[in-house]
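K.L.:
Numbering-wise (numbering that gives the first Met the number 0), the sequence shown opens with residue 0 and increments by one.
If you're looking for bench data, these hints aren't it; they were derived computationally from the structure. Keep in mind that the hints are not guaranteed to be accurate.
Straight-line Cα separation of at most 25 angstroms, SDA-like style, residue types lysine to any residue; simulated pairs [to be verified]: (1) 74 <-> 6; (2) 74 <-> 22; (3) 74 <-> 42; (4) 74 <-> 26; (5) 74 <-> 31; (6) 74 <-> 160; (7) 74 <-> 10; (8) 74 <-> 101; (9) 74 <-> 87; (10) 74 <-> 109; (11) 74 <-> 98; (12) 74 <-> 62.
Pair ranges (Cβ atoms, derived) [as the list claims (entries may be wrong)]: (13) 154 <-> 32: 20 to 30 angstroms; (14) 19 <-> 142: 40 to 50 angstroms; (15) 32 <-> 66: 21 to 31 angstroms; (16) 40 <-> 12: 19 to 29 angstroms.
No residue lacks a Cβ here, since even glycine has one placed at the ideal position from N, Cα and C.
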Amino acid sequence: MHDTTHDTTVVPNDPTELAARDDVEEVTQQFVHEDHDYCEEEYAGRAIVGVTTDAGDLLLIVAGGGENAVLPSPKVEHDDDWAEAARAEVSEVAGIDVRITGVERLRHAEQVLGGGGDPADVTTHLVLAAEPVAADPELAPPEDGSWTVEWVDSYPHHMLDEDSPSGDDVGLFLD
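Work the whole structure out from these sequences, hints included.
P.N.:
Written as structure tokens, this is what we have:
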């Protein structure tokens with residue numbers, strides 16, 4: 000039976016503190032942008048959420064044509080609670096409540112402008128594991144028809160590049 004009231008792991012306000020833990024994978028990856036107008040500018044980073052059911056199904060946000068999928072990944076303000084941002088995003092996009100059960104990866108996302116060089120900024124991508132609070136959650140259809148949410152039980156190779164950060168994050172939760 001699920002504990003319906005509490006996360007089972009603590010996520011610090013400064014997730015870079017997790018770098019000292021042996022059970023959290025730490026990686027650094029570069030993200031190249033044309034100019035300063037990139038999606039994480041002025042944010043601390045993203046809370047990327049891998050929501051899995053007891054049966055091993057993973058929640059994905061799928062683009063309209065089914066050609067691309069991602070894990071829920073809200074932008075997080077500098078003073079925001081990372082776990083709360085993650086839970087709120089899943090509730091908003093899928094209509095279900097979740098509990099955070101672990102920290103899988105800490106990514107230092109180097110935001111590089113132009114063709115390369117030194118990063119203009121470094122944000123944090125925190126990949127969190129979560130589970131639905133309800134034993135048999137029903138997904139709510141999104142109001143925006145340009146995407147859907149769905150449970151998948153195997154890696155969706157046709158929707159993800161396994162070598163991309165998004166694909167690699169999904170691989171943490173699916174065989």
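K.L.:
Holds or violated: the 21 to 31 angstroms window for the beta-carbon distance between residue 32 and residue 66?
P.N.:
Once the Cβ atoms are compared, 22 angstroms apart, the range 21 to 31 angstroms for residue 66 and residue 32 holds.
K.L.:
CA of residue 74 to CA of residue 101, is that 25 angstroms or under?
P.N.:
Judged against 25 angstroms, a Cα distance of about 19 angstroms means the pair holds.
K.L.:
Against the 25 angstroms threshold, does the CA-CA distance of residue 74 and residue 42 hold or violate the hint?
P.N.:
holds, 7 angstroms
K.L.:
Quick one, are residue 74 and residue 10 close enough, alpha carbons at most 25 angstroms?
P.N.:
With Cα atoms ~16 angstroms apart, residue 74 and residue 10 stay inside 25 angstroms; holds.
K.L.:
Decide if the proposed pair is consistent with the structure: residue 74 and residue 160, CA atoms, cutoff 25 angstroms inclusive.
P.N.:
The given pair, whose Cα atoms are some 22 angstroms apart, holds under the 25 angstroms limit.
K.L.:
Cβ-Cβ distance between residue 40 and residue 12: within 19 to 29 angstroms?
P.N.:
About 21 angstroms separates the Cβ atoms of residue 40 and residue 12, which means 19 to 29 angstroms holds.
K.L.:
Hint check: residue 74 vs residue 31, CA-CA at most 25 angstroms. Holds or violated?
P.N.:
holds, 18 angstroms
K.L.:
Looking only at beta-carbon atoms, does the pair residue 154, residue 32 fall within the given range of 20 to 30 angstroms?
P.N.:
Holds, since residue 154 and residue 32 (Cβ atoms, about 28 angstroms apart) stay within the stated range.
K.L.:
Is the distance from the Cβ of residue 19 to the Cβ of residue 142 consistent with 40 to 50 angstroms?
P.N.:
Holds, since residue 19 and residue 142 (Cβ atoms, about 41 angstroms apart) stay within the stated range.
K.L.:
For the pair supplied as a hint, residue 74 and residue 87, is the alpha-carbon distance within the 25 angstroms limit?
P.N.:
This hinted pair holds, its Cα atoms lying about 11 angstroms apart.
K.L.:
Does residue 74 pair with residue 22 here, judged by a C-alpha cut-off of 25 angstroms?
P.N.:
The given pair, whose Cα atoms are some 24 angstroms apart, holds under the 25 angstroms limit.
K.L.:
Checking one constraint from the list: CA of residue 74 to CA of residue 6, max 25 angstroms. Satisfied?
P.N.:
Measuring from Cα to Cα gives roughly 20 angstroms; hence the hint holds.
Against the hints set out earlier in the document, no violation occurs for any number.
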